[in-house]
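Work the whole structure out from these sequences, hints included.
Residue numbers (this note's numbering), protein chains in the order written: chain A, 25 to 439; chain B, 25 to 439.
Accuracy of the hints is not assured; some may be wrong.
You can't tell identical chains apart in this list, so a pair holds if it fits in one copy or across any two.
With a cut-off of at most 25 Å between alpha-carbon atoms, the simulated BS3-like pairs for lysine-lysine come out as follows [unchecked claim]:
1) 217 / 247
2) 317 / 110
3) 217 / 250
4) 317 / 247
5) 247 / 32
6) 217 / 37
7) 260 / 317
8) 321 / 247
9) 318 / 292
10) 39 / 317
11) 135 / 250
12) 39 / 247
13) 39 / 250
14) 292 / 317
15) 292 / 39
16) 250 / 83
17) 32 / 135
Please keep in mind that the hints were generated in silico from the structure rather than gathered at the bench.
Please read these numbers as outputs of a predicted model, since none were measured by experiment.
There are 2 protein chains.
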Amino acid sequence: MDIQTYIKDMARKAKSASVVLRGKRAEEKNSALQRIADLIQMRQESVIEANRHDLVQGKNSGLSAAFLDRLELSRSRVDGMVQSLKEIAAFEDPVGQVAGVRRPQGFILEKVRIPIGVVAMIYESRPNVTVEAAALCLKSGNSVILRGGSDALESNRALTALIREGLEDTGVPSDAVQLVERREHEGVTWLVKQAEYVDLVIPRGGESLIRTVAEQATVPVIKHYKGVCHLYIDEKCDTEMALSVVHNAKVQRPGTCNALETLLVHQKISAQFLPRLRQKLENVRMKGCERTKKILKNIEHATEQDFYTEYLDLVMNVRIVDSIEEAIAHIERYGSNHTDGIISEDTRHIQQFVDMIDSAVVTVNASTRLSDGGVFGLGAEIGISTDKLHARGPMGLGELTSYKWVVRGNGNLRT
Amino acid sequence: MDIQTYIKDMARKAKSASVVLRGKRAEEKNSALQRIADLIQMRQESVIEANRHDLVQGKNSGLSAAFLDRLELSRSRVDGMVQSLKEIAAFEDPVGQVAGVRRPQGFILEKVRIPIGVVAMIYESRPNVTVEAAALCLKSGNSVILRGGSDALESNRALTALIREGLEDTGVPSDAVQLVERREHEGVTWLVKQAEYVDLVIPRGGESLIRTVAEQATVPVIKHYKGVCHLYIDEKCDTEMALSVVHNAKVQRPGTCNALETLLVHQKISAQFLPRLRQKLENVRMKGCERTKKILKNIEHATEQDFYTEYLDLVMNVRIVDSIEEAIAHIERYGSNHTDGIISEDTRHIQQFVDMIDSAVVTVNASTRLSDGGVFGLGAEIGISTDKLHARGPMGLGELTSYKWVVRGNGNLRT
Numbered sequence: 025m026d027i028q029t030y031i032k033d034m035a036r037k038a039k040s041a042s043v044v045l046r047g048k049r050a051e052e053k054n055s056a057l058q059r060i061a062d063l064i065q066m067r068q069e070s071v072i073e074a075n076r077h078d079l080v081q082g083k084n085s086g087l088s089a090a091f092l093d094r095l096e097l098s099r100s101r102v103d104g105m106v107q108s109l110k111e112i113a114a115f116e117d118p119v120g121q122v123a124g125v126r127r128p129q130g131f132i133l134e135k136v137r138i139p140i141g142v143v144a145m146i147y148e149s150r151p152n153v154t155v156e157a158a159a160l161c162l163k164s165g166n167s168v169i170l171r172g173g174s175d176a177l178e179s180n181r182a183l184t185a186l187i188r189e190g191l192e193d194t195g196v197p198s199d200a201v202q203l204v205e206r207r208e209h210e211g212v213t214w215l216v217k218q219a220e221y222v223d224l225v226i227p228r229g230g231e232s233l234i235r236t237v238a239e240q241a242t243v244p245v246i247k248h249y250k251g252v253c254h255l256y257i258d259e260k261c262d263t264e265m266a267l268s269v270v271h272n273a274k275v276q277r278p279g280t281c282n283a284l285e286t287l288l289v290h291q292k293i294s295a296q297f298l299p300r301l302r303q304k305l306e307n308v309r310m311k312g313c314e315r316t317k318k319i320l321k322n323i324e325h326a327t328e329q330d331f332y333t334e335y336l337d338l339v340m341n342v343r344i345v346d347s348i349e350e351a352i353a354h355i356e357r358y359g360s361n362h363t364d365g366i367i368s369e370d371t372r373h374i375q376q377f378v379d380m381i382d383s384a385v386v387t388v389n390a391s392t393r394l395s396d397g398g399v400f401g402l403g404a405e406i407g408i409s410t411d412k413l414h415a416r417g418p419m420g421l422g423e424l425t426s427y428k429w430v431v432r433g434n435g436n437l438r439t
Numbered sequence: 025m026d027i028q029t030y031i032k033d034m035a036r037k038a039k040s041a042s043v044v045l046r047g048k049r050a051e052e053k054n055s056a057l058q059r060i061a062d063l064i065q066m067r068q069e070s071v072i073e074a075n076r077h078d079l080v081q082g083k084n085s086g087l088s089a090a091f092l093d094r095l096e097l098s099r100s101r102v103d104g105m106v107q108s109l110k111e112i113a114a115f116e117d118p119v120g121q122v123a124g125v126r127r128p129q130g131f132i133l134e135k136v137r138i139p140i141g142v143v144a145m146i147y148e149s150r151p152n153v154t155v156e157a158a159a160l161c162l163k164s165g166n167s168v169i170l171r172g173g174s175d176a177l178e179s180n181r182a183l184t185a186l187i188r189e190g191l192e193d194t195g196v197p198s199d200a201v202q203l204v205e206r207r208e209h210e211g212v213t214w215l216v217k218q219a220e221y222v223d224l225v226i227p228r229g230g231e232s233l234i235r236t237v238a239e240q241a242t243v244p245v246i247k248h249y250k251g252v253c254h255l256y257i258d259e260k261c262d263t264e265m266a267l268s269v270v271h272n273a274k275v276q277r278p279g280t281c282n283a284l285e286t287l288l289v290h291q292k293i294s295a296q297f298l299p300r301l302r303q304k305l306e307n308v309r310m311k312g313c314e315r316t317k318k319i320l321k322n323i324e325h326a327t328e329q330d331f332y333t334e335y336l337d338l339v340m341n342v343r344i345v346d347s348i349e350e351a352i353a354h355i356e357r358y359g360s361n362h363t364d365g366i367i368s369e370d371t372r373h374i375q376q377f378v379d380m381i382d383s384a385v386v387t388v389n390a391s392t393r394l395s396d397g398g399v400f401g402l403g404a405e406i407g408i409s410t411d412k413l414h415a416r417g418p419m420g421l422g423e424l425t426s427y428k429w430v431v432r433g434n435g436n437l438r439t
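Take a look at the structure:
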C-alpha cells in the first residue's frame, strides 16, 4: 500500500470511530480509560522492555542525555501514566455541557459542548505523550491519530497496543486510537491534508517539524512551539527567592519546554547576584554576554544564535540588562511566546511586564515550570499552545472540544 | 511598488498599530467608534454616491438581482451601519476581563482576555461588512486589514476613508484599519502568508475563495463557508408553523448565508403540505425531486448539483424523504455545516436531529434566519464560522479575543 492510501485509510477509520465515540456516555469512556490503566499497570514490564529497545538504539545513535531522559520510561513514569489515566477518568466529562438562555424573541438559545471529531498528534520523543494524548482525546470524545517520533517507536507500539486492547475490551471502536507506524516523512504531509476526515492537527516538537506542518496543512493547526523561556531578575527583588526560582526553573527538569533557557539580570544587582547564582547552579553550563563574563570570568560566550536556542539541557544563557524595557525587548526578539517571568518586588514593573509580554503564560515571582496543565488544574495536558487561536498555553480537556448552537423555538421568525 | 511589498507594508503597519490599540482603554475605543458613526451619518450622501458607482458598474456587468441587493447601500442600510456602530460602542469591552483562582500550590492563576492582534478579513460583495468588521476589530483591540470584493471597491473606499478619519480624530492610529485597494489576486496570497504580522484570517465568500485561502494560508484561518441551509418538515408537525417558518427562511432576505436553500418534506404529509407551500411561496422558483414533481407538476427538476448549490436568490430545492434518517443523511451529504433545522412536534425526533446534525447551528421549530450574531446577542457579527476551532457559528466580539495566563506567586516552585 502506498503511504498516501495508508494515511487516508487511517483517517477514514478515525472519522467513523469518532461518530460512534460522540455517542458514548461518560461512564463508557471512563471504563475504557480505567481498563487501559489496568492493562498498562499489569503489563508494565512489556512497556519498559519495549522502551529499553528504544533507549539502546538512542544511545547507539548518540542522542543527548536530556533527550534520553525524555525518552525513558522508568517504573515511576509508567506509574505516572497509570495515575494520569485514572485522574482523567475521574474528571468531569467536558462533552454535553449545555448553557442556555431565553432570548427576547422568545426562543431558547443553547450552546452545547461537543467533541471536535478527529485529532492528529504529531510529536517527538516523549512516549508518555502517547498515553496522555490518547486518554484526553478519548475522554473528550475524539478519535486520535498518533504520529510519534521514530526514536520512541517501540515504546509507542507497546503502549498503543495496550490502549487498543482496552478499547476493544470495553466496547469502544479500537480505531479511535491509531498509531502511524510507517516512517516515511510523506506520511506527515498526507496526514495534515486530510481535511475531509481530520479536524485538528497538534504538532509538538522542533522548529522545522512545526514549520513544515504549518506550511503544508489544510486542516487547522494548533502549534506547540519550542519554549525559549526567560526569567528577568528586576533591580528590586527578593534575592533568595530569585535564586531558588531560577534553580527550580532551570534544574528541576531541564528537558521540558517550560524549563528556563535565558536569564536576564538587571545590571544594578548583577555583581552581587551572579556569583551567588553560579554557586547555586554549579551543575549548569552558563553562557554569558560580555558584561556577565566580566563578573563570571570562566564562563563561555553567549552568541546571537544561543539566545534563540531551546537547550532542553543543563545549559543557560545569562545576559545583563540596564532596564525592564531592555528585558522586555530581549524577550520580544528572542522569545517564543511560551512562558516568561519576572522576579520583582516593584508592583509597577510587575504590571508593565505582565501587560507587555505577549506570551501564553507570564509568571510573576514563580518558576516557569509551573506553566503546566496539571499544575493549572486542567488535568493532564495535551500540550502548551503558543498560538492565539482556540487554545493558548496549557491545553487540557476543555480545549479538545467544540460547540454547537441549538435554537429551540415555537415558530420564531426573523423580522 | 510590487504587490508583495505593498501587502507586507500594510501588515507591518497593522502590527504596529495593534500594539498601540492593545493599550487603549474602553472609553478611547468607544469614542473612536462614536466619531466614526457621526462621520458616516454626516457624510452618508458621499457613501451612497460611491455605492451608486458600484451598483451601476455591477448592473452593467450583469450581476444578479440578489447580488445587487447585497451590494446596495440604501439610506436605511447606512442608518443600520450607524446604529450598529453605536451598539458596538455600547457593548462591554471584551478585553481585560480577568478570571482568577488560587491554586492549591498557593499562587494566583489568572486568565486575562486580550486582543488577538491583527485580523485579515477577505470578503465579497456586502459593503456593510467593511464597517462591522472594522468596528468589531477596533472594539476588541485588534487591527484589521480589509480585502473586500472588487464589485464594492468604491463603497469600501468611501467607508474606510471615514473610518480612518474617525480614528485620527480620536487619537487612534489610522493604520488600525486598512483597505487593500490593489486588485491583483496575488494580494490575497501574500496576505494569508504574513504569519509574522497577521494573527488570523477570516475569509467570507464563495467556495473557491475559501479553498484558495485555506490552501495557501500559513496564518490560522477561520472559515466562513457557504450556507446550504436545510429545513426538514417532519411527519408530525404544526403545518401552519411549517409554512410560515419556510416562508421566512426562504423569502425574508434570500441573499444571506442563513437563508433556506433546500426543503426536505416527510412523504406522509407531502401531498397535503406541498400545494399549500407552492401557494404561500408564489414568488419562489422551485426545483423538485421526482416525487415532488408528481405533486407540484409544473416545477423544474432538481439536479444532483442543485442540492449542493447556495442560490442566495428566490430559488429553492424541494425533496421528499421517507424518514428522519433519510433527511439527516441528505443534510450530511449535501449540507455545509452552517445552519439546518427541523419542524416537528415529535420530541424524540427533535433530539435525534439535534444530536446527529453536525452543523454550527441547529434550529428547532424556528427560522434558519435566526442564525445571526445580533439575534444571538453577540452584537454585530463578523461572520458565521463553519469551522470547529476557536469559533463556531455566529462570531461576535468575544470570539475576536484571545487570552493569556498570568501566574502571580511568591516564590512558588514546581515539585
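Tested hints:
For a Cα distance limit of 25 Å, the shortest separation of residue 217 from residue 247 qualifies both inside one copy, at 16 Å, and across copies, at 16 Å. When the C-alpha separation of residue 317 and residue 110 is checked against a cutoff of 25 Å, the pair qualifies neither within a copy, at 49 Å, nor between copies, at 59 Å. Proximity of residue 217 and residue 250 under a CA criterion of 25 Å is satisfied in both settings, with 23 Å inside one chain copy and 21 Å between copies. Taking the closest pair of Cα atoms, residue 317 and residue 247 never come within 25 Å of each other, the shortest separation being 36 Å inside a single copy and 52 Å across copies.
For a Cα distance limit of 25 Å, the shortest separation of residue 247 from residue 32 qualifies both inside one copy, at 22 Å, and across copies, at 23 Å. When the C-alpha separation of residue 217 and residue 37 is checked against a cutoff of 25 Å, the pair qualifies only within one copy, where the shortest distance is 16 Å, while the shortest distance between copies is 32 Å. Proximity of residue 260 and residue 317 under a CA criterion of 25 Å is satisfied intra-copy only: 23 Å inside one chain copy versus 83 Å between copies. In this assembly of identical chains, the alpha carbons of residue 321 and residue 247 never lie at most 25 Å apart, being 39 Å within a copy and 56 Å across copies at closest.
Proximity of residue 318 to residue 292 under the C-alpha cut-off of 25 Å is restricted to the intra-copy arrangement: shortest distance 14 Å within a copy versus 90 Å between copies. Taking CA atoms no more than 25 Å apart as the test, residue 39 paired with residue 317 passes in neither setting, with 57 Å inside one copy and 36 Å between copies. For the homomeric pair residue 135 and residue 250, the shortest alpha-carbon distance between copies (22 Å) is at most 25 Å, but the shortest distance inside one copy (34 Å) is not. In the homo-oligomer, the alpha carbons of residue 39 and residue 247 lie at most 25 Å apart both inside one protomer (22 Å) and across protomers (21 Å), since each shortest distance falls under that limit.
In this assembly of identical chains, residue 39 and residue 250 lie within 25 Å of each other by CA distance solely across copies; the values are 23 Å between and 30 Å within a copy. Within a single copy, residue 292 and residue 317 get their C-alpha atoms as close as 16 Å, which meets the 25 Å cut-off; across copies the closest is 87 Å, which misses it. For the identical chains of this complex, residue 292 and residue 39 are neighbours neither inside a copy (59 Å) nor across copies (33 Å), given an alpha-carbon limit of 25 Å. When the C-alpha separation of residue 250 and residue 83 is checked against a cutoff of 25 Å, the pair qualifies only within one copy, where the shortest distance is 24 Å, while the shortest distance between copies is 54 Å.
Taking the shortest Cα distances, residue 32 and residue 135 never come within 25 Å of each other, neither inside one copy (32 Å) nor across copies (39 Å).
Hints 2, 4, 8, 10, 15, 17 from the list above are not met by this structure, while the remaining hints are.
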